[in-house]
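J.: Single-letter residue listing:
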Amino acid sequence: MMLHLLKQVQIIQKTGWLVSRNFGTSLMVKGSTDDNNNKKTWYYRMEDNSKKYWRLQSDCREGVPESEWQGMLHHLSPKHGISLSVVHALQKGIDLRPSAIAGWYGNIKRKISVMDQSFKAKRVAALGYDLAAAHFLVHREGKVRFKDAQEWTQQDENGEYELTGHYSPNVFVEAIDASGIDLLYEGLESMCYLNHLKWLSVASCPNIDDWCIDRICCQYSNTLEYLDISNCVKVTEYGIAALGRLRKLKHLYLNGLDDVTNIKLLCLLLEDILPDLHIEGIQYMDPKLLHHV
Amino acid sequence: MFYVLRTCSRHPGKYRGAEWSQVWSTCSYGGRKWGRRGVTTSTRTFCPPQESQSSRKIQQNKEQERENQYENPYQSKKPEYQRDQYDNPWQRTVGILSNDIKNYFAGIRLMFRHISGLQGDPVPDQVPKLTWPSHCDVLVVGGGVMGSSIAYHLKERALQGLNVVVVEEDSCYKRASTGLSVGGIRQQFSVPENIQLSQYGVEFLRQSPKLLAIEGMDPPRVQFHPHGYLSLASEAGLNQLEENYKLQVEMGAKLKFMHAEELKNTFPWLNTDGIEAGVLGLENEGWFDPWDLLFSLRRKAISLGAQYVNGKVTGLKCKDLDDVILEVHYSSPIKNLNSAEVTLPNGEKRSITFAVLVIAAGAWSGEVGHLVGIGDGKGIMAVPIPVEPRKRYVYCVHAPEGPGLDAPLVIDPNGTYFRREGLGGLYLCGQSPEENDEPPIDDLEVDETFFMNNVWPTIANRVPSFENLKLKTSWAGYYDYNTFDQNGIIGLHPLFSNMFIATGFTGHGIQQAAGVGRAIMECILEGKYCTINLERFGFERILMNEPLFEKNI
Numbered sequence: 001m002m003l004h005l006l007k008q009v010q011i012i013q014k015t016g017w018l019v020s021r022n023f024g025t026s027l028m029v030k031g032s033t034d035d036n037n038n039k040k041t042w043y044y045r046m047e048d049n050s051k052k053y054w055r056l057q058s059d060c061r062e063g064v065p066e067s068e069w070q071g072m073l074h075h076l077s078p079k080h081g082i083s084l085s086v087v088h089a090l091q092k093g094i095d096l097r098p099s100a101i102a103g104w105y106g107n108i109k110r111k112i113s114v115m116d117q118s119f120k121a122k123r124v125a126a127l128g129y130d131l132a133a134a135h136f137l138v139h140r141e142g143k144v145r146f147k148d149a150q151e152w153t154q155q156d157e158n159g160e161y162e163l164t165g166h167y168s169p170n171v172f173v174e175a176i177d178a179s180g181i182d183l184l185y186e187g188l189e190s191m192c193y194l195n196h197l198k199w200l201s202v203a204s205c206p207n208i209d210d211w212c213i214d215r216i217c218c219q220y221s222n223t224l225e226y227l228d229i230s231n232c233v234k235v236t237e238y239g240i241a242a243l244g245r246l247r248k249l250k251h252l253y254l255n256g257l258d259d260v261t262n263i264k265l266l267c268l269l270l271e272d273i274l275p276d277l278h279i280e281g282i283q284y285m286d287p288k289l290l291h292h293v
Numbered sequence: 001m002f003y004v005l006r007t008c009s010r011h012p013g014k015y016r017g018a019e020w021s022q023v024w025s026t027c028s029y030g031g032r033k034w035g036r037r038g039v040t041t042s043t044r045t046f047c048p049p050q051e052s053q054s055s056r057k058i059q060q061n062k063e064q065e066r067e068n069q070y071e072n073p074y075q076s077k078k079p080e081y082q083r084d085q086y087d088n089p090w091q092r093t094v095g096i097l098s099n100d101i102k103n104y105f106a107g108i109r110l111m112f113r114h115i116s117g118l119q120g121d122p123v124p125d126q127v128p129k130l131t132w133p134s135h136c137d138v139l140v141v142g143g144g145v146m147g148s149s150i151a152y153h154l155k156e157r158a159l160q161g162l163n164v165v166v167v168e169e170d171s172c173y174k175r176a177s178t179g180l181s182v183g184g185i186r187q188q189f190s191v192p193e194n195i196q197l198s199q200y201g202v203e204f205l206r207q208s209p210k211l212l213a214i215e216g217m218d219p220p221r222v223q224f225h226p227h228g229y230l231s232l233a234s235e236a237g238l239n240q241l242e243e244n245y246k247l248q249v250e251m252g253a254k255l256k257f258m259h260a261e262e263l264k265n266t267f268p269w270l271n272t273d274g275i276e277a278g279v280l281g282l283e284n285e286g287w288f289d290p291w292d293l294l295f296s297l298r299r300k301a302i303s304l305g306a307q308y309v310n311g312k313v314t315g316l317k318c319k320d321l322d323d324v325i326l327e328v329h330y331s332s333p334i335k336n337l338n339s340a341e342v343t344l345p346n347g348e349k350r351s352i353t354f355a356v357l358v359i360a361a362g363a364w365s366g367e368v369g370h371l372v373g374i375g376d377g378k379g380i381m382a383v384p385i386p387v388e389p390r391k392r393y394v395y396c397v398h399a400p401e402g403p404g405l406d407a408p409l410v411i412d413p414n415g416t417y418f419r420r421e422g423l424g425g426l427y428l429c430g431q432s433p434e435e436n437d438e439p440p441i442d443d444l445e446v447d448e449t450f451f452m453n454n455v456w457p458t459i460a461n462r463v464p465s466f467e468n469l470k471l472k473t474s475w476a477g478y479y480d481y482n483t484f485d486q487n488g489i490i491g492l493h494p495l496f497s498n499m500f501i502a503t504g505f506t507g508h509g510i511q512q513a514a515g516v517g518r519a520i521m522e523c524i525l526e527g528k529y530c531t532i533n534l535e536r537f538g539f540e541r542i543l544m545n546e547p548l549f550e551k552n553i
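Those protein sequence lines, which keep their order, are chains A and B. Going by the UniProt record's numbering, the first sequence opens with residue 1, and the numbers climb by one from there. Going by the UniProt record's numbering, the second sequence opens with residue 1, and the numbers climb by one from there.
Please keep in mind that the hints were generated in silico from the structure rather than gathered at the bench. In this text, a Cβ means the ideal position worked out from N, Cα and C, and glycines have one as well. Treat each hint with caution, since some may be false.
From chain A, some residues computed to sit far from chain B (all C-beta separations above 10 Å) [said to hold, decoys possible]:
no., residue
1, 195
2, 248
3, 260
As a list, the in silico PhoX-like pairs of lysine-lysine whose alpha-carbon atoms are at most 25 Å apart [to be verified]:
no., chain 1, residue 1, chain 2, residue 2
4, B, 317, A, 250
5, B, 254, A, 234
6, B, 335, A, 248
7, B, 317, B, 335
8, A, 248, A, 147
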């Protein structure tokens, strides 16, 4: 309780009274940043409140010297004036339409999932790239298969899974099935430097778009042999054209992507460049035409 | 209340009871929340519709309107109706306020009509006529991608706190460098700040569907082709390439250094004679559609409240701040710009008073500097803004046997580049000519002999299948060429207290537009660079003769 009060006073002193009203929401929840835990926790980040202001010291209302008497309200008076973010928030206005509230809530959820899926250096430092990616995916209900293993590592009905919590040098991820996860662009960064990845499925992930395809092509260009991007509706023709960068690609699944412009031409051109490529999910011609033959 | 307003105006007889009752009838529907929604609430954009007058007057006014409708959008009607330009300040105030109220209800009426389906597209009589922005906070000279990015970032941060006006000479952007550019984006630079600007540019493009989205309209589609850049180096440039590569990887770019054999294996269509090594961009490099970026930025800035004025800045007035003197060779006072004279397309001249000026005029920024005397003075004022237009050609060729789908944007050691365009075997290519061989800049005519003599031999040598190609079309555009060191000039001018310069990018402006827009916004609103420190790009480097060259291979 005392610590809490002290922290309040510290925050008020540092940031000025206008911002200190956020102190309740900006404290970190204890011990929630590790993804090694099986607990699913979420947290708010404390903002960097120690920004420097461009106004000189003499501009501030700290004119009362230290030896003089200062009232309690002296600590509550704003030292730096109103900050730009506060003015911005005041001007934006309060939009109480249901669609706007839904949009606001969706924004918050998206920010949380971006923070959740972004690259965590501590995880990689503890586990190495392959195991870190495995933990990342399996914790979020994905499936991972290691090299020289027969079964997929995934969560069972109780949400538990078996994965070593320590780095071991010869463990390589060979196949990833991320079709149950809502994988984001930042999430792909957590699966970086997988030098033996041959099989990848991001089917039905709604947020996979051209930029994610760019990232996939960058990270797995030397080794990927099987890619499944079925039903990723945000992928456009430019992303599919870029798949020619995956030099070893042998199987490509494009189910549900019939709306992409020039998809059939793109598939033919891809098969020209990548000789072993076999594409599934695209009908080059309407089978009803064959009935008349 | 409205009756009182009517009698205060100069011509009480003009306003009939019918109009008064119409205003009352919409009052009962009116409510703040409706006004906020679909219709833009900027009170300066709508004029009252014509149906509020009697039919005879409508006829007369319609004829007059047809005359001067498209000539000058700021001249609304006969002088009696320009209530915001009376001399008497009381009448002017009352006129402006009553204009605002009328426009508010006219907007609501228009919205109701639209909802109930009574009318489809707005009739030209009811198209909003703009009022002239005689005062503003920030005046941006130039409405290309740089000016639009500055306007967007300013409005997005300050919302209604800043009144931003962008003066653009040509709303069709026929000569603007933005639309005529090839649209590439890369992180392969040798100046770290350039790399950071490009990285932010890519992130901005990725998030542009959310950032530049407007309710009720299609989101922007920047059409990013993630194919990467391939910079090739001969033996002479190998060391420089390695140095640049190390810096770029340190700054976080994802690149791959390949020697000649690896290049040959990865790109079988490439002829690696004379090539020692190359750097291929693996992520966040490629090309996109600059038109879409320009129009999305412009549209979003307008929706946030920026106003685009169709005109050309032909004069700038400044006053000396006598209490501060800068002593160099010649003592010259610090100046404060206060107003700009804008020439409208019909020849009329009007003035805008501003607090901050931003010069983002692209290739013509040197001319804008001359308007205020930068370059025709003594001491610091003797140094002009060293930006001038330089013509560059882009050729579109058809090569059916060409590199194919996976070709990156290839840059030859002598500066020639080519990239794939579409799926039908078309390629765009070009080259920067030698210093003493610069084409004339009077018009945008294309010289095909340059292609035959310079570009084709190089690309045919580099890619043998380009030997039998056919030149389909070509165009020319201006680089905003910085004659000093071919890198951007960003920041305040030392002798002016409120003039920012954001120009001189010499061909890589489109990729740095988002970053520079944000940097200028930070300078204006917070007084310093917060995210990317662009102090080295200031105008001071020209005064101190310390060029910031891109170390090309």
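J.: Against the structure shown, which of the earlier numbered hints fail to hold, in ascending order?
T.: 4, 6
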